[in-house]
Every structure is written in structure tokens, then in C-alpha cells.
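Undergrad: Go by the hints and put chain B onto chain A.
One line per chain: the protein sequences are A and B, in this order.
The first sequence lines up with residues 1 to 256 when you count with our numbering.
The second sequence lines up with residues 1 to 256 when you count with our numbering.
No wet-lab data here; the hints were simulated from the structure.
These numbers come from a predicted model, not from an experiment.
Here a beta-carbon is modelled for each residue, glycine too, at the ideal position from N, C-alpha and C.
Treat each hint with caution, since some may be false.
To be verified - Listed below are several chain A residues computed to face chain B (Cβ distance under 8 Å; list not exhaustive):
#1 R147
#2 G177
#3 A186
Protein chains: 2
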Amino acid sequence: AARRGGGGKMAAWARAVRGLLLDVSGVLYDSGGDGGGVPIAGSVEAVRRIKASGLKLRFCTNETQATREKFVKKLQGMGFDISVAEVTSPAPAACRILKERSLRPHLLVHNALVPEFAEIDKANPNCVVIGDAAENFTYANLNEAFRVLIGMEKPVLISLGRGRYYKETDGLKLDVGAYMKALEYACDVQAEVVGKPAKMFFESALAEMGVPPQQAIMIGDDIVNDVGGAQRCGMRALQVRTGKYRSVHTLHPALR
Amino acid sequence: AARRGGGGKMAAWARAVRGLLLDVSGVLYDSGGDGGGVPIAGSVEAVRRIKASGLKLRFCTNETQATREKFVKKLQGMGFDISVAEVTSPAPAACRILKERSLRPHLLVHNALVPEFAEIDKANPNCVVIGDAAENFTYANLNEAFRVLIGMEKPVLISLGRGRYYKETDGLKLDVGAYMKALEYACDVQAEVVGKPAKMFFESALAEMGVPPQQAIMIGDDIVNDVGGAQRCGMRALQVRTGKYRSVHTLHPALR
Chain A
1 AARRGGGGKM
11 AAWARAVRGL
21 LLDVSGVLYD
31 SGGDGGGVPI
41 AGSVEAVRRI
51 KASGLKLRFC
61 TNETQATREK
71 FVKKLQGMGF
81 DISVAEVTSP
91 APAACRILKE
101 RSLRPHLLVH
111 NALVPEFAEI
121 DKANPNCVVI
131 GDAAENFTYA
141 NLNEAFRVLI
151 GMEKPVLISL
161 GRGRYYKETD
171 GLKLDVGAYM
181 KALEYACDVQ
191 AEVVGKPAKM
201 FFESALAEMG
211 VPPQQAIMIG
221 DDIVNDVGGA
231 QRCGMRALQV
241 RTGKYRSVHT
251 LHPALR
Chain B
1 AARRGGGGKM
11 AAWARAVRGL
21 LLDVSGVLYD
31 SGGDGGGVPI
41 AGSVEAVRRI
51 KASGLKLRFC
61 TNETQATREK
71 FVKKLQGMGF
81 DISVAEVTSP
91 APAACRILKE
101 RSLRPHLLVH
111 NALVPEFAEI
121 DKANPNCVVI
131 GDAAENFTYA
141 NLNEAFRVLI
151 GMEKPVLISL
161 GRGRYYKETD
171 GLKLDVGAYM
181 KALEYACDVQ
191 AEVVGKPAKM
201 FFESALAEMG
211 VPPQQAIMIG
221 DDIVNDVGGA
231 QRCGMRALQV
241 RTGKYRSVHT
251 LHPALR
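If we strip away everything but chain A, and leave its shape as in the complex, we get (with noise of 0.2 Å):
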């Protein structure tokens, strides 16, 4: 029999929760502008809690500024338990659709993501690859990246996330969306977004965890992102009041 009070008092969907998927900037740590960052308080220990639990857990990040290899390595110098195989983010994603397809992509990215693109034909390029290329969204490089674009008879272009903008220690900066709808504009296309809040990239997530979306909880700080990607898959989804959720509220009405 059910108790009284707030112990017993869990919903049948929470006690069925069998997987976490769990954003990473903005939720575990605050990333710098210098490629580091800090961990958000308490966030260490919640990693090894849930783990402890039972619960499967998945690291979902639209992180493109560096390999899988090297984001988890400084996470895990932040005291973080996580491993490379723990993760999903987009360039993989990518690598396997340009695969797919046979497309050979001109990469609009960050130095540090390149490594993830070894394995692809890159020469005579037939689409455009955007990421979260910071330091490298200069005029010169995007106007290259518009040239190859328009230069096709059909052009692909494929956005790793679709962010607005994200917060660093130093500051609030413009994320691969804002870029991708410049080159969307001027090219009059149509990008195809991998990672979140693509469908797909939800469903990878799960198939990996082998958790069915009915059974899992996304965790974010992004309200498109995470929340609402999360739950067009079916999922339940839950914002953080940390990341760009505290910048928010200090911005205009729109964004709240």
C-alpha cells in the first residue's frame, strides 16, 4: 500500500526510469573560452551517485570544439568519472552520414574536432560541414564555406547542433546556429542538424543505452536543445537552473 508523506509518494513513470541522459556544458561544468572550464558544484559527486544507482547513464553533448577524446579527458581532470564510450555527440553522427551518402565535406569546424574527420574524403568536397568553430568563424573562412555551397548544383549543409548562443567563464558567445543560419540565408538552404535536438541523435542515445525512451530522463540546461528535442522522442526531459538557464532571466522577455 502506498504511504503517506513525500517518500512514497513517487510517480509510476519516475519509479520506471531506467536511463539518464545527461547534458554537459552548462550542467556538469561551465566551459572557458581557453578550452577549460569549471565544475559546477555538486556535479562530480551527482555523476558517481548515479552510477552507484544502477542507473544507465549516457553523457549527451553537442560539444564540437574538441575530440571526444580530449573532451572527456578534461572532464575527467575535473574529477568527473566518465569514459569515451560513456558519450554522443555530433561529429561521429556526422562521420556516419557522410559515410552513408558518399559526401565529402569541407569542414567549417574547430582545429581541435578535425582528428574526427580522419577517416573521411574530404578532396573535391560535395558538401559543407559546420560546427562550433569559434576562433575559425573568421570572414575569410566563411565566405569560403559559402563559395563551396553556392558552387553546387544542390548544396548539403550539415550543422553539427543548432545552437544560439552558449555561456562561457568569460562571457555569453555565439553558437553554430547563429552561423549556420548566415550561410542557410545567403545560400537559401535548408541545413540538416546532427546532434541535439535531432530526433536521431536522441534515438542513438537510447539504441546505445538500450533504454527505451518511455524509460529514460534527458537532464539540460537548454530548453530547445534538451528539453525539447528529449521529448519529441518520447522522453521526459527536466531544465537546469544552471549553464545559459541563469543568463537567461536576465535577458529580454523573449528568451525566458
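TA: This is chain B only, laid out in the frame that chain A set:
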């Protein structure tokens, strides 16, 4: 009585034409990335003949890489009969709006355009003005404009044109419209466009000529900014096959 053959078959609307609005870049000359450029064959002579014919003439440009003074000096150097008083361009129109609405801009524009805003108070900005900043479209400058905008209670973004791209002697370049879209998306705002294809821009040019729209023709190389904009004001418009026109025909079907 009407004669047979081509000579006398001029349409009634053509006989009524009293004023011409001429786009400049891509119609009179092809601009160079260095701020120079080369006149398009026959265009110097064409301007001379239009003026000799007694037609009223107005140069309507979205040029925002130089002050009108410098722009006119460059065209005079190529042999064109043109003066500053004959030019309608976005920066002076933007200045009128800024003054009327007590707006203090953060400028994301070309260095050479800054003198057009000399009289404008730019302290403690409450709007962002974006032009074709070219080399000033750096990652740092875009992030700065974004932060100014997102920090406002009610972001105001004024864009000097909304062109997708243009042709310079060394190739196609992204125009201000692409960067405008990036900021629009990141901040969830809609820019106010000053310059072509804004109706107010064409109306100003017509007022300056003292010619009603039914008696004016716009001539340009851009189907949206020149032709579409003019037609929405009740003018007729002609698209020339110079400037970006030709390059468009080598592009994908959506842009033809």
C-alpha cells in the same frame, strides 16, 4: 498616327517615364575587395546619355563599405558623372532614424563607414547597427554585437540592407543579410532593414527626385533588393545581366 515597326511602338508607360533609379555595384561597375573596382563596359557613357536626355537620375546603392563622399570619389575616378547629392544610401537613412528615436548605436560596420555616424551619440548603446562590415566581421566583433543586443531589455537591431551576397572582382562575398540573420536567430529578434528593399528607402529616393513611382524605373542586378523592392513601391524595374546576375546562372536552381 502610330508608325509600323519598332521605332514608334513605345509603350505608354515608357513615354511617361521621367526618372531613373540606378543601382551602382554590379550595374555600373564591379567592385573589388580592395575598395576599388572596374567599370562595366558602356556604363560611363550610359550615365552621360541618361543625364543628357533630361531624365531625372538617382543612384540607389546599399553600399556601406565607404562614406558617400569616398564612394562618389571612386566612381568619379572611373569616369562617372556623379555627385554626392545624387546618391541615396542606407547610412544617412539610418542616422535619421537613430536621431528620431533617440537610439545610440553599437556599430558593427566597415571602418570606412564610421564617419557617416560622426554626429550620432554612441555612448551606452541601446541598439545595434549592422552594415557590410567585411573584414570587421570577426568572431570577436560578432560576439560583442551579440552581447550588446542580448543584454537589452528589448533588443533593437538595425540592418543596412539585407543582401545575401555580392560579387567582387576576386569572388562572391557574404553580404550583411547573412550576418543580420545570425544575430536575428541568436537573439530571437527581427532586424529593421534600412536600405533596399525597404519601401521607405525607395520612397526617399523618389521624393528626392520629385517623381511619382508610376513615372520611375529602377535598374539593378538583384532580383530581390532592386527589382522586388521597387515593384512593391509601384515602380517598374529592370534586372540587368551584369554583376551578380551572371554568376547566379551557374548556381543551383533555387537561386535562378
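Undergrad: Compare the structure with each hint and give your call.
TA: Checked hints:
no.: 1; hint: R147; result: holds (6 Å)
no.: 2; hint: G177; result: holds (6 Å)
no.: 3; hint: A186; result: holds (4 Å)
When each numbered hint is compared with the structure, no violation occurs for any of them.
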